[in-house]
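Protein chains in written order, with the working numbering: chain V, 1 to 194; chain G, 1 to 629.
Rather than coming from a laboratory, the hints here were simulated on the basis of the structure. Do not rely on the hints blindly, as some may be mistaken.
[As the list claims (entries may be wrong)] On the chain V side, residues computed to face chain G include the following (Cβ under 10 Å):
1. Gly-45
2. Gly-135
3. Met-136
Glycine residues also receive a C-beta, built at the ideal position from the N, C-alpha and C atoms.
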Amino acid sequence: MMAQIQKGNDRLDLAPKKFNMWIFIFTSFMFFAALTSGFIVYSGGKGHGLNVIMPDAFKYSTAVIILSSITLFLASKAAKGLQFDKQRMFLWLTFVLGVTFFAIQVYAWYVLTYKMNIFLTDTNASRSFVYIFTGMHLVHIIAAILLLLNTLRGTYKNIPQVRNMFKMEMTSIFWHFLGIIWIYLYVFLLLNQN
Amino acid sequence: MSTLAVHDHGVAHHDDHGHEHHHNQSFLSKYVFSMDHKMIAKQFLITGITMAVIAMILSILFRIQLAYPDKTFPLLTTLLGRFAPNGRISADFYLSLVTIHGTIMVFFVLTAGLSGTFANLLIPLQIGARDMASPFMNMLSYWFFFMASVVMLSSFLVQKGPASGGWTIYPPLSALPKAMPGSGEGMTLWLISMVMFVASSLMGGINYVSTVLNMRTKGMDLWKMPLTIWALFLTAILGILAFPVLVAGVVLLIFDRSFGTSFYLSDIVLNGVQQPYEGGSPILFQHLFWFLGHPEVYIVIMPAMGISSEVMSVNSRKPIFGYHAMVYSLIGITVLSFIVWGHHMFVTGMNPFLGGVFMITTLIIAVPSAVKTFNWLATLWRGNIRFTPAMLFAIGMVSFFISGGLTGIFLGNAALDINLHDTYFVVAHFHLVMGSAAIFGMLAGVYHWFPKMFGKMMDEKLGYLHFWLTFIGAYLVFFPMHFMGLDGVPRRYYAFTEFVSMQRWLTVNTFITWAAIMAACAQVAFLYNFITSIFIGKKATQNPWESNTLEWTTPVEHLHGNWPGEIPTVYRWPYDYSKPGAEEDYIPQTVPFSQTMSSNLPHDFEDNPKGLEELNKFTSTLKANEQVK
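Isolated chain V (complex conformation) (with noise of 0.2 Å):
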């Protein structure tokens, strides 16, 4: 219908869109870069620390999305392994994870705003910035999730092998990042929040 590359005697190369995936993770990473660049000028031009014990729930969500890492880990091994109902079954377990994960963020902020009174509108931006850093990981949460699923459904339409790995693979690359993003502001926060 659309794609109609003729192809010629070139062989179809995965390669550069899975390039594609790396440089999205560049720009990724300098946004999210310039939010924390944006709290430290924040901060520090004008004397408003965070003074916010992060909630526990943090915590949780931390070893979450760790654990989601390692099974999604693990379903690329079994993906090589050509060992598709294991596969499927640890895609499916990273989705839970991953939905887990966005759950508990949200209760974060159920504890953040209700237990704590630390609200988005605060007077002092610094708190607000911590809505801001989880609210904009969620937002590529979602699309990760997203591409979790596109790649799950492949695993049910019995598509080539080649194109299975690949999807694994973007899917894998973009996951890994989100659990480093969310460590990085993690720790961010953790080290800001006196």
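Please arrange chain G on chain V, whose structure you already have, making use of the hints.
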């Protein structure tokens, strides 16, 4: 961000249809939702030109106000309705005009129109690839740009008019919907449009970088790439690193506008009412904005530099002077562009020592810029110059870059900037150095690659007319502004000639406006030429400029995949023009050294000992033969 998921669908499409040859493409998939990089390039170009014409009309409108602040033009009311009551453009709409003119020119014309057109057209063609890394993402990139354009223009249809806080959208004006008419829906639409625009830019940029790094044909190592590719590649890297920072700034702005946070807002009194915002820092926005904003001006100028380098080398029939220096200076500009943003903020109460640091980094940019300028001049020197319209525009680009660049040295100085900040001196500076220069680079590209894009030639005579009127017009418009700026005339003012001390500038304003109208009329010559040439232009030959680069080895009739057979292999750099001993004054990149024995030089075989041996054998037999004679 959801594009990722969509992107993957595109890959799936490939799989299903990638190997079916010779489809009959429907109108929709060929001309509208095309995934062919050449068609996408044309889409970008035509949308870019349309936006440029609109932005130009906006500029003429505010020039009329500046030249005739006391006269009434009933026609304006007829055309603009409530925006120009009683035959005069209203003060609020004047601010909208400047804002949208700036936004469209910087982002929609000189970022998307320039990079989008030429990166899409030239990257696959000049490096020898069938298409972009992800054609689907490439298509999305254009349609996001198109939607961004539509949303931006639609802000003229809302009751209170478009955004009017300047293209830099500093808070608090942009953060408080009630601050002024343009801060309302117009600003919201501006933000929506820009978010789509950034998505488009990032998708394009990711593709460009990935394609250049992964999909070069056999033999095309990085040091054999034309300077256009180097420039477009580094431009894409700048975009990838800088645009996400703008998004971060805009996200915080959106939260301030719509969710009640106070990132940028503090101590605001609106219509005599104290607002609840506290503790925010408007300077934070300026940091985030200019961290993008400064690289953005290089995103605008670097493709123009690359295009001019290529066009000037081809039409001087000489190798580009200092190819490596040209590349390293582009890299230098790329790196430096990230550590100079503070020079836009000298008067924000910045620590003077910090200002000094930014001043030094800013002035260092003069070094790579001067390297490029001298190399262009040295390329022209004793060249066998062909004054095609493209060549004239490329030379014009160098001219504007020099005359605008010189004033950059004044403005980069933290002490002088106290006086010059936000005056017409700044307006004059950037309209020459990045406005006119980049537009001329873009036009050089259009004239030069028109045969490649449309298979037809543009009319040369109209091209010359277009060049001279635009060139003279641009200088007449922007040169006098330097003196206004030195006199302290502030930019963006609705009717500054009402101030007694500035009344004398009214005559100059009138002069500038008429020069601008002349330059605008000259663009009609271009538009006429461009449109009619597409349909009734002379048919182009395969290599009309006798150029070396790969795009001219493709057939005139476009086909999906660019080359009918195998992709050609590259053996040499792209600038073998007028090589002594060669049969013709150009040797395409696809000609192996074995076919050009008489023109080979020892340094052609720097890392090829076998070739060098062959060359020595050849020259010694040549000598021996001569001795026999």
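Going by Cβ atoms only, is Gly-135(V) closer than 10 Å to chain G? 9 Å, holds
Please verify that hint: Gly-45(V), Cβ, nearest Cβ of chain G, below 10 Å or not. Hint on Gly-45(V): holds, closest Cβ of chain G at ~6 Å, below 10 Å.
Let's test the interface hint: is any C-beta of chain G closer than 10 Å to that of Met-136(V)? Holds, about 7 Å.
Violated hints for the displayed structure: none, as all numbered hints are satisfied.
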